[in-house]
Each structure stands twice: as structure tokens, then as C-alpha cells.
Amino acid sequence: MLEAVESAPASPGSKVLTPHEARIERGEPIGLVGGTAQSKRGRIQRMLEGFRDQPIRLNIDRARLLTESMQATEGQPMVLRWGRALAHILAHHPIHIEDEELLVGSAGSAGRYAVVYCELVGPGRFYTHPHELVPSKPGDPIVLTEEDVAALKEDILPYWQRNAYHTATMNALPEETRRLMERIFVVTPTAAGRSMLAWAHDYGKVLERGIGSIRREARERLEALDPIDTAAYVEQQPFLEAVCLVCDAMVAFAHRYAELARSQAADEPRAERRRELLEIAAICERVPEHPARTFREAVQSQWFIQTVSRLEQAIGGVVGNGRIDQYLYPYYRRDIDEGRLTDDEALVLLESIWIGMARSTDVYAKPGQPSLTDGFAHWEATTIGGLTPDGHDASNELSYLILRSKREFPLHYPDLAARIHTRTPNAFLHAVCETIKDGSGFPKLFCDDEIIPLLVAKGGSMEEANDYCVTGCSETKMLNREGIATGCAWINLGAILEMTLRDGRMTCYGDGIVGISTGDPRTFTTFDELWDAFTLQLENVVQHTFIQQYVSDTLKSRHIASPMFSMLHDLCMESCTDIHAGPIDKALYLGFFDVMGFGTVIDSLAAIRTLVFEEGTLAMRELIDALDRNFEGQEAIRQLCLNAPKYGNNDADVDQIGRDIEECFARLAQHHTTAFGGELDLRYVSVTSHIPLGAVVGATPDGRKAREPLSESISPSQGMDVKGPTATLMSISSTKCAQYKERAARLLNMKLSPASLVGEAGTRKLMALIRTACDMRMWHNQFNIINRDTLLAAQQDPDKYRNLLVRVAGYSAYFVDLTPALQNEIIRRTEHQF
Amino acid sequence: MTLNHQSNGAPKGLVFNIQKFSLHDGPGIRTIVFLKGCPLACMWCSNPESQSTAPELVYTSDRCIGPAECDRCATVCLEHAIAKDAEGKICIDRSICDDCGDCSFVCPSRALEESGEWVGVDDVVRIVEEDDAFYVRSGGGLTVSGGEPLVQGAFVRALLEAARSRGIDTAIETSGLCNWKTMRDVAPLTDRMFFDIKCLDPEKHAEVTGVSNRKILQNFRRLRAEFPEVNIVVRTPVIPGVNDSEDEIEAIVEFVNDAGGASAYELLPYHGFGEPKYAKLGRQYRLRHLAPPSNERMRGLQRIAALCGAS
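Chains A and B are the protein sequences, given in the same order. Going by the working numbering, the first sequence opens with residue 1, and the numbers climb by one from there. Going by the working numbering, the second sequence opens with residue 1001, and the numbers climb by one from there.
Source of the hints: derived by calculation from the structure; they are not laboratory data. Worth double-checking, as some hints may not be accurate.
[To be verified] Cross-link-like lysine to any residue pairs, in silico, SDA-like; alpha carbons within 20 Å at most:
1. A/Lys15 <-> B/Arg1297
2. B/Lys1204 <-> B/Gly1261
3. B/Lys1089 <-> A/Gln634
[Claimed, not checked] Quick look at which bits of chain B chain A covers, simulated, 3 or more residues with Cβ under 8 Å:
4. 1010–1022
5. 1106–1120
6. 1133–1144
7. 1245–1253
[Claimed, not checked] Residues on chain A that point at chain B, a partial pick, calculated with CB under 8 Å:
8. Glu635
9. Leu640
10. Asn643
11. Leu769
Quantities reported herein were computed from a predicted structural model and do not represent experimental measurements. Even for Gly, the Cβ is constructed at its ideal location relative to N, Cα and C.
Just chain B, same shape as in the assembly (with noise of 0.2 Å):
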């Protein structure tokens, strides 16, 4: 299924999603192009469809007008993974579903869709170009985003060629984990790049991401020592209780300044806005019920984060 990524040589990206309008990922109005694959797994993540490297079928009951008006995704389903539930939907047992996807073309409610298709370079480009007039106005342009963009590396960094070649101003937001030599061909592509760093313990960051952060934070310092024209945002997720202290925030800005510096640190806020899309993949929320920082605790680290900068 993955080995349709190429097309007469130019990569195809598994692309889930590609936003316009968006105001918050970069100068002006822009569009987000969001990448399937990420090889961290954050207790918080809000995009969980943009984890795994495949398509995946995505369910949304609310839209689905249960089998009494319809049975078709059943009726297609080969391996019979499909089934009422007791409230008059409909209900997947993901251990047999093969992913075909079938179910969701017959659909018609769009309660079941599949998220990721592969895209070519040259379509994904034609899209983001649609809203150039805004850019022009704005400052905008395209923002790579997943998922971790850099797993799909070659095709990003056709992407961008292809987007600067044609005047777009060009942002990715990147975990950082990736091999240097994505890094390093990706990175002068960028108008900027934000760059999350979201604690600097190793240990406590492999319990909350899955994976160490070794690697994140050398690509971070390689990437000031030798691309130090490169703009880069820094990123902090704050999650209460794992990194909504003055010491972490203070650490990482200790660290970030120790490498060189970025043009600017942004802290955002946890939310929990990703939790009904692991439903819908027929997964567990790990952070059920945790609320989001106060307004009081974000100032107050954007406080300690200003006084170290200032430092």
C-alpha cells in the first residue's frame, strides 16, 4: 500500500490534511500542509491520526445515520469487521479491519473517511497556491506540518524547492527528531522553522514521547552552529504536570540561549482539543481529564521565559 510514494521519480507525500486560513502557524494567512508519520507518540498529541505512517480509517458516529438507513460499509467489508452497536451506529473492530478502505468510499455520510493519500508535489503545490493573493497581502505562505514532516524528508524538501521557486514564503514545524542529513537539506529551504523542544530531561521525555530527546537536541544545536541564518521559533507545549514548571521553562531557555539562540520562544498552552479524534481511530486518551494551564501559570512562565531571554 505504501509503495505507490513515487511517480516517475518525484516523491509523493502522505498528506492528511492541508488547511487554509491559518492564522497562528507562521506570518499572515497561511496554509498548513500536514504530513502523516511521527516518531514520537506524546501523551497530548492532538493529531493522533498523523502518528502512524499508513492510511487510516477514521469513524465519526455522530455522521453516520446507523444501519437502519444504511448498511453499506457493512455490506462491503470483507473481513465482516463491521457490526451494529448498541446504540443504533455502527462499530469496527479494528483487530480484523485490513484498512482497505472500501467502507468509506460507500459512505455517505462521510462517517467513515480514510486520513492520508498520497499526494504528488506538483498537486500539493497547485493547492497551496490557490490562496496566493492572501500571502501577498498577508506575509503568508505554506507551513509543513504532521505528524513529523521530516519523516517523509525527500518529499519535503521537494515541496519547499518547489514552493520557494515560485515566491512562497515557506515554514515547517518540526519535533526535531530526525537524521542530520534531513536536517541539514531541509533547513535552508525554510523561512522558518518551529522548532519544538519540550523538555530537556532524556529520561522524563522518553516517559511523556516515547523517545529520548538526545537527538532533538543535537539537531538543534548543529543546526545553530551551522545554519545560524536559519530562522528559528522554539516551542514549548506546556502540559501541566510535566513541564509547567518555572525550572523546566528556565532550562530550556537556558539551553536554547547556550546553543546559539532563536529569534523567538513561544510557550502554547496544553489543550485537549485532539481527545475525540482518538475515539474516532478507536484509541485511549491518555490525558483524559487533565485541564489546561491557567491564564495565571502562562503568564507567569512567559514571565521566567522573558527574564532569561532578557539574561
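Same shape as in the complex, but just chain A (with noise of 0.2 Å):
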């Protein structure tokens, strides 16, 4: 019998918005998607009212007390020092409730607040820019008084300014590895942007045993040191003092919490909030000291350690969630169970939690200027789905209810992250790709079938790397196994191709070398000429970056300590040594670099082997002449290059440059050991520094011209994938050198139009999409399901597009909140539509 079948549902031409451009579309205010969650969730959506226009006020309160007690400690071992920095932030920082809220506690003052981390480089714009520290405006999105400003000037960065580790890096470089340093953006070091790259804390430990446990076992273990065995205790004596001091701050700084709260309730008229008021005083006298018994308990004892976290220090990406799925979930199911808790009390305490790390923001602190990673960005990943330590699918109730709260919860908070693996339920994977096709970015996606047996590689056990969990926007963590990772450096492909094509040299560096010289490509027969000439240059830059890596590794615990993350880190407490102290006994050290434009590269070195040594169409002088011109007047050059065969299209002589590219770099991590005795891994994950970085590149031979972003990313060339998604996932893995363990995260962007995915026939191709993904063992992939049309129409009205999010690199945005130049860039990627 005849069947009809609705496989045309809408007139062609008539354009298929996304749920997420649709309520942007009708100008929604921001707010809970949905009657019933609106008002089922009555406190959450009110708490979000106005929170766009909220300014982000700068917080000096932590740098100041930070420098006070830095100050009077000069000469103490550094882990104590650091403990009792945090002990004295505890004691004095601010501290306010705001109205509606469940959940206490806060880097910040009321409101949106950027921590300022004066020690280190990143917010410290400061040091190399002191006179671009001014006042804020009327209309800047960052809040600066004249207090502020006269506070930092004069108290706080002098003193950083004679003890900071950036400066102390420097300084201590050969002088080879510092001139190449000092050539900007050409490889630039990150250790000193952060304390250590991102992170997640072993939440779980705390909510099962309190910090009053971890406080008693280090109190009873300092008390077993031995003072004739002088080393170990002239070692371990300082961070078991450290832990005990910041154990009790913690302690006390909850109980301040509960103290406020008391005191607010005695003053609050109306019964209801006093009755809150109360509960929440009775809690933070609970937690984090003891263990957790209820799920509110649990959010509650989570969310200190994370605001304490920012504290103490600046993790790369702001500490992650960890699990979040699995640590909480014992408490989720019993007071559900026992009828102690509904779905929507619990999305009301998650949604706490992501409205909390929402408040925070992320800035170089020069008002009016937005980030190097733009948009204000901070990645507390957020983790659900994946294994178990032993290796059985960890979906669960929470992880639902999770995504669902992702759906209904409109700021671009948390980063969530799904782990994939073979056997991922399709249930858990529909409800990720209904989510994913909302539109605003999320979840992004790890294949365990990837990451898991690299981990095991690198050293970990099978349950270590089973319960690996997503940090920063595209790393992983072993939580109690992986010892400190500080920041390495980005390295400039482009740079590299550029350096290969003029003898050393780089056009906006003028006259003088930058990296060595390999000869005149004038004067080269053969495409392996040119290919010798680019890997010794390649060796050379990552010589120097593996170099600046040691320097920055052992001077960090000279500079800086963190007494409770370690305290959190089952290997600190075992061997009582800062986590930045290394090598800790045991520990494995996977630190990593990224190699930006990847895809310009590929693409470039592709047409020069084609169009100068194969076709013969070009002379090498003629391609020079017109990089020098960048391209002005020659078009028709430009037009050749441009039309030379392209990463991303499953072409196996392109991508086979890939992965020559990928071989030399890992062949040199291979060969390489780190002052901890680990590992620097290969890592494509350019951020938004493919723009600045794109920024010191002259014109290459794929016809980009010069100044312009490079490419992101695994991520083909901007719009040069033209075949489709398949063929763009074929190439990424093509270029793969998979017999390496020193590689990580391939982070992918991929932008899809909604049309393409309409309907519960559209989500079921998504999964099949992503499941063929996972088989091809895509570490990362995230979508932009969004209309190019949108996009366009926000740039002309950022107004009515304020609230619309985009994936940019590992996290979403606020696509107005962008730079111009990074906005043409997202327009530009190819947009897959079928």
C-alpha cells in the first residue's frame, strides 16, 4: 500500500531557524526556555533578569590581600607563603549574599566580577602596559574606579613587578630563545598566563570526606614527621603546615558565609527568605567541613572549593566541574529516592552553579579592550557521559537532566562537554544531538575511543584513564595521577612557512633573522629542497619552544604554590610536595604545545608543490614576487593559489603534507623529556589566536593575504572545504600520525545549517554523523548550527542579536561580544549544507 511521506515538509527557500536563533528572532529577553521552566524555576529566572547588562567590575580585593601577605612573608617556603596568602584572602575578602540566591560564595563582589591575578602575565597586560591603566568610562564593559587604578599602580604592581615569574622566565631564556620570544607572536610562550593550564579538582573527595578529614590527616601526619629525618621534614613540614592553615580558612570561610546569613535573616521581613537565609547558614556550617549528606549539601561544598580555586590561583580556562554527572550523582539519587528533592529543585541548585561561574568573567583587564581570547571566554568544563573507571557506559539520570537544563538555561554557561564513546547509549546521544541542534554551541564532544587509549599510552592505568575528565576547552585531565601542566606555548606555522620562504626572515619583522637561514627557495630544484628547508626552520622554533618549556618549569615553584589544589591531589598528599614543586614521585607529566595554522600551511606548501615543481605553471620567483606584493596586481596568481588543491576534501597527496607536518613535530616531542620528566604533546587548538597570530604573517602561497587569520584549529582553511563533512573528517584523520602517543586534542569546529538537520530524520543523520566521527577517533567536535544570514544580520544589529551565542573555539560566545575581525572569521568557515 501507497505510503506518503513527509521527506518535504517546508517549501525550499523558506529558511529553517535553529529554537535558539528563533527566540533571538522574536526578541525573547534572556531567560529560562519554556512556561513551565520559567515557572517551575521561578528563582532562576529571576536571578537572570538584566544579567546581560550587568557590568563586569573589576575585583583587586584578592591581588591586594595576595600582595599584603606575599609581602610580609618574603623569605618563608613558598608553600607556606601561599598558604597563608589564602589564608588571609579567606579571612578579609568581601563577602555578600545577594538576593534569590541558594548558593553562597563568590570570587567577586555582587554582580559580574573578573578576578584580577596581578602574578602573573595574563591580567597583567599590567606590567608591560602600566599606562594603559586607566579608569573606566561611563559605557565600558569593565568597572575600574580611580581606587582601583591608584591601588594597583601603587601598592600592588610594584611589588609584582620585582617578583613576577613572567619577568623571571624571561630573564633567565638563553639569549637565542629570548630573541625568538620577543619576536611577538611568532612562538609565544603561555606559561606565565596562568598558574598551570586547566584543571578540574577531585570534587568527589571532598564531598565524601569534608576538608575537616583532609585537615586531620595532614595534622596527624605532620605530627608523625620525624625531625631527624631532617630532609623529609624540612621538605614536608611547610606543606603540611599550608594544608592544616588552609584547611581551617576554608572552614572559616564558609562559616563566615553562615554568619552573614544568620545576620541577613535576622534583618529579612519576609518569612520565606529568612527561612532560606537560615538553611543556608546551617549548610555552610556543614560544608565543606564535613562530608555532604544532601544533593543541596553537595552543590553547596562543591562551590566553595571552586570560589577558592579562584582564589588561590588562576587555572588555565577557571577550574573545571570535573564529573559533575558522576560525583554528585550518589546524591542525587538518594534524595530523590527518599523523596527529599524534585528535577526542578535540583536544576535549580545546577543552574546556581552555572550562573555562579557565569558571573565570572575573564579579562586582561584594559577597559574597553576584550581578551586574547575574545568574548570574556573561561571554560569551566562540565563533564557527563562516557566510561566508568571499569569501563561501563556513566550516563546516567543526572546526565539528562544536565543536558536538559542546557536547553532551557540561556547564558553560555557551563562549557558543557559530552564524552562519546562506542557504546554510548543511543538515548544519551539523542538527547546530546536535540541539544546540539538548539543551536547555541553545545555540548561539545570527546571520543573516548580516542583519548582513553592514548592516556593509557602516556602511562596511565585503564581505570585512570576511564575517569579521565574534560578540562579547558579541549584538554584532559587524570585527576590524581597527571602532575602540573603549565602553559607551553603557541608556535606560528605560518611564521615557520614564512621564515621557509625567505631565508630566515619575516616581512613584518623586517631585515633582521628571526629564525635561521635555509637558503633562497629561488634557488631550489625540487619540492624536497623546499621541504628540508621548512623542517629545519620547524626544528629550530620547536628547539627553542622546548627550551623556554624547561625554563618556565623549573622556575614556577620559585614563584608560585598552591596548597589547596594540591591538598585536593592524592599524589601532593602523598609525598607532602606542591603540585607545582615537581617531579612528583609517580605522577605523569603531559604538558602540550599548539601548532597554529595548520591548515594554511598544508594548503600552501599543496600549491607550491603543485603549481611551481609539478604543473610548472609558476616559477617560484613569480610566487615570491607576489607574496612580496601581497598579491596586488596579481590576481591571477592569487586565483592559481587559491584553486590549488586544498586540505579538508579527502585529497590523500594534501593531506599526506599533514602528516609529514605532524610527524616532525611529534617526532621531536617524541625525542624530548621535560624538566618533570614527561611529555610536551602536540595539540591543534588555536583558541582565537589564529587572528593575532594571522596578524604577523605575510601573504602565502594558498592566496591568503597577509595579515589575515590563519586557519583554526585541525580546522581546514577558512570556506576551503568544499566537499562536504565527510570529506573534511576524512582529511583531519588522515593527516594523523596515530602511531605517536605525544599528540592531544584536535580541536574541530564544524558548521552546519539548520535546514540540514530538520526534523528527528536530521538528528538521527547527527548521530550517525558523530558516531562515524567517534569511530574515526575525533578527539574533539563541536558544531555551529546556525544560519549564515543570522550571522550577517547580527553584525548590522548587534542590539537585538546581543543574546546570541556561537561556538567559537572550545567554547561559545557572545557573537557580538567578538572582535570584527574574529566575527568575518566565523562567517567565513564553510558552512556544510546539503
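Make one complex out of these two single chains by using the hints.
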């Protein structure tokens, strides 16, 4: 019998909007999505009102208190100094409880804030550009008062100018290495921008044991230390003492909130709020000191750890939430089973965490100037799904509840990461795909089948590897196994190419040699000669990168310690060693360096090989001449370059160049050991650096003009992958040297048109695409499901589109908060439609 | 020029596009192989480059950087068929162009391209197989389309045989117009046939497609009678003013049911996406201002189709 099928529901040309786009087109104010959510979670709805209008208050309280304490403790063991400093901060940092809040604790003032980490170079563009430090004007996104500026300039910065880790590392570099680092954006060291790379804490341990138990452990071990065993005593005593100090300070910090809640309750006329405040007080007296008994206590305890972590140090991407659907699940399950909790109540608590994270922003404190990671981005990566430590599927009701919150909660936090593996249940993948189709860029996907075997190869146990959590934009961590990962560097592959074509020089740095002399390419008669020159330039850059990393690693513990972080880490506690002071026994040291402009350079080398050495369409002299002129008056040559074979189209010959480049890096990484006996892995995560890095690179043989952005992360050059997403994925897969373990994230952004994913059939096809990407072992994948028209309209009418979220690189941000250069770059990324 | 369509006895096909990640022409994620040549010339054809059975020069003026920057095409053209136009681009005098294709080889910007290339079965299968990881997960595979693919019956048969022998799901999109022998040979090699029935009246059919539909309807009946196991999806492109009436759709459904039914019936709304291609081939598009059927119209026709199907 004939059955009509609904294969053609909408008329062609009628535009398909994602739910996210539709809400913005309707001009809906920011709030929970759907009437039910709004009425059941009225508290969250009210807290969201006007959220995006709140200015960002720069928090210099932490900087002030830290500086005070550090000045008073000169000469003492570093871990103790930082323990005392954190205790000082926790005792004196202003605290507040906002109306409607159930979850208390903040690393800043009420509303949106940004913490100044004066000990680092990130927010401390201060060090190099103190003249740029001026009070903000009305309308600036960041609020910085005259008093703030005075305090920074007079009390805070002078101290750190003398004691900065950044200055120390730069001064300690060998001359040649420093010269290369000083050429901005060729090799960009990132060690001093964060006190460590992205990480999360073992929250589950605190929920289960309480800080009190950690304090008891430290106290017992302190008492057991044998002063006759002098070495151990001198090394371990300050660590354990710092732990005790910090534990006491954390408990007292929570008690300050309890006291504030009680005093607010005394003045509170509304009976309901009074009851809430007393409940808050009781909970703050309980956690984090003691084990959590309920879901609410667990959430509050987690949030205290996170808040203190923010005050202790700047972890890359801001501290992650770890495997939240795992460690919170026992509390959730028990409360649901015993009738103490409903899903809506659980959502209110989770969304209180999301709001807490969204209030915190990450700025480079020049008012009016956005950060290098455009859009005030930070990534408190929040992991769901994946495998249990014993290797079974880990998804549970809480995983689904968090996905539901992601669809209903309008802000770009949490930065949700779903772990996908071969046996991920269809139901979970379906919920993930429906969330992706919503169109705000969440969740990002991590492939267990790629990551777990790599972690095992690197030295993790099966159990540790199965239990990894996502941190930052695309990193992973085995929380109690890995040692410190200090930021390394962004390597500008575009610059390496330019040095190859200019005998070690770069147009933007004039006549001086930047790399090494490898000969005039106009004299090369084969592609192999060019390739040899390229690899020599590459090796030179990588060597200096490794040298600067060695210096950064070894100097770190002379400047920074993190006793709170360390006491939550099994190996640090076991060895009584601060995380920054390596090497710690049994710890795996897995750092990484980032390669930027992979697609740009593959395409450039492919163009040279095809046009100059294979077809002979162009002479090298003509090509270099055209590059010198930035293709001015050389449009025909530029077109030849643009139309040469490109990475991202599953062209085996082109992709082989990518694999050869990867092999060069991987081989160097394989032969290298870090200061702490670990490895530095090759990674392709550009965040938004491909824009500033592109700005120092002259015209390239792929047809890209001077100063334009480089290709982004592992993605093909913008708009050059024209054969659809399967070819793109195949190319990315083909460039991987899977025989090396010295590999880490390959971050992929895919832009799909909403029309291609309409209906249940569309969801199923997205599921199949993701399953296949998982079969192909794609470390990371994320999707922008959005119409190009919407992005263009948002550039024209930013007010109307101010709540439009897009996926940038490992994170989502408000499109209108991004710089025009990044907006254009996102628009130019290939949109796959079918 | 068409003599090289065989190599060592294995047929070659004239292919004008191989499109990966196609989501709407059969189950799952598919690769569509578009073959050139079609006995029909539908007024609404969205792939006009698919109609001729020879390679053709396609000119995309947007990409042309103009004779001021580049005159490579005009220089190689022995017939002087390429000249500068009023907008600083080029124009092609197709009446004297001999389709040699040399201009497309020297064009740096791909403004000039040759549509259609003779490709062997092995090469096509190799490209199709590049995406087999996606077929496995999505239930997708190969869809052969056109033009009318059965114009190149021997090639299609060899291609489908090769695909099936390698475990690839196969589908074909056909206008239904070919000799019965070809239809008979190919049908059992497909996992799914998409069979177009545009309208039932032979005169009207001739008016809008250039050919009568008698053979098409006969082929459909014989297919149903002799290959009842073949999975056939009937499709009707809904063209306003041509076949967008309830009567037309009802008549088609009745015919299909009478012939033995089909596994599904799809109505595809007309779209004008192919229009820019006509200019690229130096041709006129006859439905210039025709608007696509409204969503309401499509829903109404869907209802008719469903009602008829249920009776």
C-alpha cells in the first residue's frame, strides 16, 4: 500500500531557524526557555533578569590581600607563603549574599566580576603596559575605579614587577631563545598567563570526606614527622602546615557566610527568605568541613571548593567542574529516592552553579579591550557521559537532566562537554544531538575511543584513563595521576612557512633574521629542497619552544604554590609536595604545545608543490614576487593559489603533507623529555589566537593575504573544504600520526546549516555523523548550527542579536562581544549544507 | 570526443558531479554520482548541465577576475569565441565555441570549467568508498542520479554491480524513461529506486518535458509486475501551474496503486535553485518568475496523497 512520506515538509527557500535563532528573532529577553521552566524555576528566572546588562566589576581585593600577605612573608617556604596568603584572602575578602541566592560564595563582588591575578602576565598586561591602566568610562564593559587604579599602580604592581614569574622566566632564557620569543606571535610562551593549564579538582573526595578529614590527615602526618629525618622534615613540614592553615581558613570562610546569612535573616522581613537564609547558614556550617549528606550540601560544598580555587590561583580556562554527573549522582539519587528532592529543585541548584560561573569573567584588564580569548571566555568544562572507571557506560539520569538544563538555561555556562564512546546509548546520543540542534553550540564532544588508549599509552592505568575528565576547551585530565602542566607555547606554523620562503626572515620583522638561514627558495629545484628547509625552520622553533618550557617549569615553584589545589591531589598529599614543585613521585607530566595555522600551511605547501614543481604553472620567483606584493596586481596568481588543491577535501596527496608536518612535530616531541620527566604533546587548539598570529604573517602561497587570520585549530582553511563534512573529517583523520602517543587535542569546529538537520530524520543523521566521527577517533568535535544570514544580521543590528551565542573554539560566546575580525572569521568558516 | 567511454572493455561513465554527504536521496549519509545525459528536458530542470550527453563549458562570471587581470582563456581560444564583455568580464560566443575545453584548463579562478568527465567504474567506486565509514553508521550508500542515469545503462549496471559486490547500499534516481532491457537489468541491482512520475497525461507530459510519458508508465507497470521485490519510491516534483492540483496528485496515486503500489510516495516542491546554472551555460530559464508552492499547498497535497494511499 502506498504511504505518503513527509520528506519535503517545508517549501525550499523558506528558512529553517534553530530554536536559539528563533528566540532571538522573536526578541525574547534572556531567561529560561519555556513556560514550565520559568514557572517551576522562578528563582533562576528572576536571577537572570538583566544579567547581560550588569557591568563587569574588576576585583582587586584578592590582588591587594595577596600582595599584603606576600610582602609580609618574604623568605619563608613558598608553599607556606601561599598558604598564608590564601588564608589571609579567605579571612578578609569581602563577602555578600545576593537576594534569591540559595548557593553562596563568590570570588568577587555582587553581580559580574573579574579577578585580577597580579602574579601572572595574563591580566598583567599591567606589567608591560602600566600606562594603559586607566579608570573606566561609563559604557566600558569593565568597571575600574580611580581607587582601583591607584591601588594597582601604587601598592600592587610595584611588588609584582620585582617578583613576577613572567619577568624571571624571560630573564632566565638563553639569549637566542629570548630573541625568538621577543618576536611577538612567532613562538608565544603561555606559561606565565596562568598558574597551570586547565584542571578540575577531585570534588568527589571533598563531598565524601569533607575538608575536616583532610585537615586531620595533614595534622596526623605533621605530628608523625620525624625531625631527625631532617630532609623529609624540612621538605614536608611547610607543606603540611600550609594544608592545615588552608583547611582552617576554608572552614572559617564558609562560617563567615553562615554568620552573614544569620545576620541577614535577623533583618529579613519576608518569612520565606528568612527561612532560606537560616537554611543557608546551617549548610555553610556543615560543608565543606564535613561530608555532604544531601544533593544541596554536595552542590554547596563543590561551589565553595570552586570559589576558593578561583581565589587561590588562575587555572587555565578557570577551574573545571570535572565529571559532575558522576560525583553528584549518589546524592541526587538518594534524595530523589527518599523524596527530598525534585528534578526542578535539582535544576535550580545546578543552575545556581551555572550563574555563579557566568558572573565570573576572564578579562585582560584594559577597560574596553576584550581579551585574547575573545568574548570574555572561560571554560569551566563540565563533563557528562563517557565510561565509568571500570569501563561501563556512565550516563545516568543526572546526565540527561544537565542536558535538559543546557537547552533551557540561556547563558553560555556551563561549558558542557559530552564524552562519547562506541557503546554510548542511542538515547544519550539522541539527547546530545537534540541539544546541539538547539543551536547555541553545546555540548562539545570528546571521543573516549581516541582519548582513553592515548592516556593509557602515556602511562595512565585503565581505571584512571576511563575516569578522565574534560578540562579547559579541549584538554583532559586524570585528576589524581597527572602532575602539573604548565602552559607551553603557541607555535605559529605560518611564521615557520614564511621564514622558509624568506631564508629565515619575516616581512613584518624587516631585515633581521628571525629563524635560521635555510637558503633562497628561488634556487630550489625540487619540492624536497623546500621541504628540508621547512623542517629545519620548524625544528629550530620547536627546540627553542622546549628550552623556554624547561625554564618555565623549573622556575615555577620559586614563584607560585597552590596548597589548596595540592591537598586535593592524591599524589601531592602522598609526597607532601606542592603541585608546582615537581617532579612528584608517580605523577605523569603531560604538557602540550599548540601548532597554529595547520590548514594554511598544508595548503601553501600543496600549492607550491602543484604549481611550481609539478605543473610548472608558476616559477618560484613569480610566486615570491606576488607574495612580496601581497598579491597586489597579481590576482591571476592569487587565483591559481586559491584554486590549488586544499586540505579538507580528502585529497590524499594534500593530506599527506599534513601528516608529514605532524610527524615532524611528533618525532621531536617523542625525543624530548621535560624538566619533570614528562612529555610535551602536539596539539591543535587555536582558541582565537589564529587571528593575532595571522596578523604577523605575510601573504601565503595558499592565496591568503598578509595579516589575515590563519586557519583555525585542526580545521581546514576557512571556506576551502568544499566537499562536505565527510571529506573534511576524512582529511583530518588522514593527517594524524596515530603511531605516536605524543599527541593531544585536535579541535574541530563544524558549521552545519539548520535546514540540513530538520526533524527526527535530521537528528538521526547527526547521530550517525557523530558515531562515525567517534569511529574515526576524532578527539574533539563541536558544531555551530546556525544560518549565515543570522550572523550577517547580527553584525548589522548587534542590539537585537546581543544574546546570540556562537561556538568559537572550544567555547561558546556572544557573537556581538567578539571583535569584528573574529566575527568575520566565523562567517567565513565553511557552512556545510546539503 | 565520446569515443573514450570504454577502457579495456570496462565501460566509462560521463560524470558531472560526485556529491558526498547527501542526506535527502535515500537512507542515511550517501554519495550521489550524477551522470550526464537525459532524454527529458523538463522546464524546471535544476541541473541543466545534466541534459547534454557531451562535456560542456560552464562559465561562472562571479569567479572571473576579468581580462584586465587575466586573458589566458581568450589567448588559447582558436575560434575567438571569448571576448571582453561590458562589465569587464568575459562573454562566450557559444555558436562558434567548439567545446574543446582548453580555456577551462588555463583559467586560474575556475570561472571556466568543463562539466562532465569520462570516469571508469573503479575510479567512481573508489571515491564512493571513501565515505564507507559513514555508510556503516547511517545505513547510507551510493545513489546514482542524473540526468537520466539509464542513458548510460551499461555503465550504471557495472557500477551497481561493483558497489553491491563490496557491500555498499545502492539507490538510483530515474525518470523512468529508457528501454526495458536496461530497466530490467538494473532494477535487481538496486536496494531502492526513486522513480519520478510527473503527470499522467501524455500530451501535457510532452509539453513540459519534451517527451511523452507512455514508456515511463509502461516501465513502471512492468517493474511492479516483474520485480515486485524491488523497493520503489515514487516521486513527483510539484510544479505550480503544471501538476499542483489535487486531481493530478490523486490520479498519480491511483495509477501507482493500480500498478502494484510503491513503498513510499514523496512530493518534492518545485524550487528555482537551478536558475543561475542556465546563465552559466548560456541558456534561458523558462520558469523565471515561478514561485515555489506554498507550505499550505504542499500540506494539502500531502493529505491527498496520504488519503489516497490509505484507500
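Hints that the structure is at odds with (numbers, increasing)
Violated: hints 2, 7.
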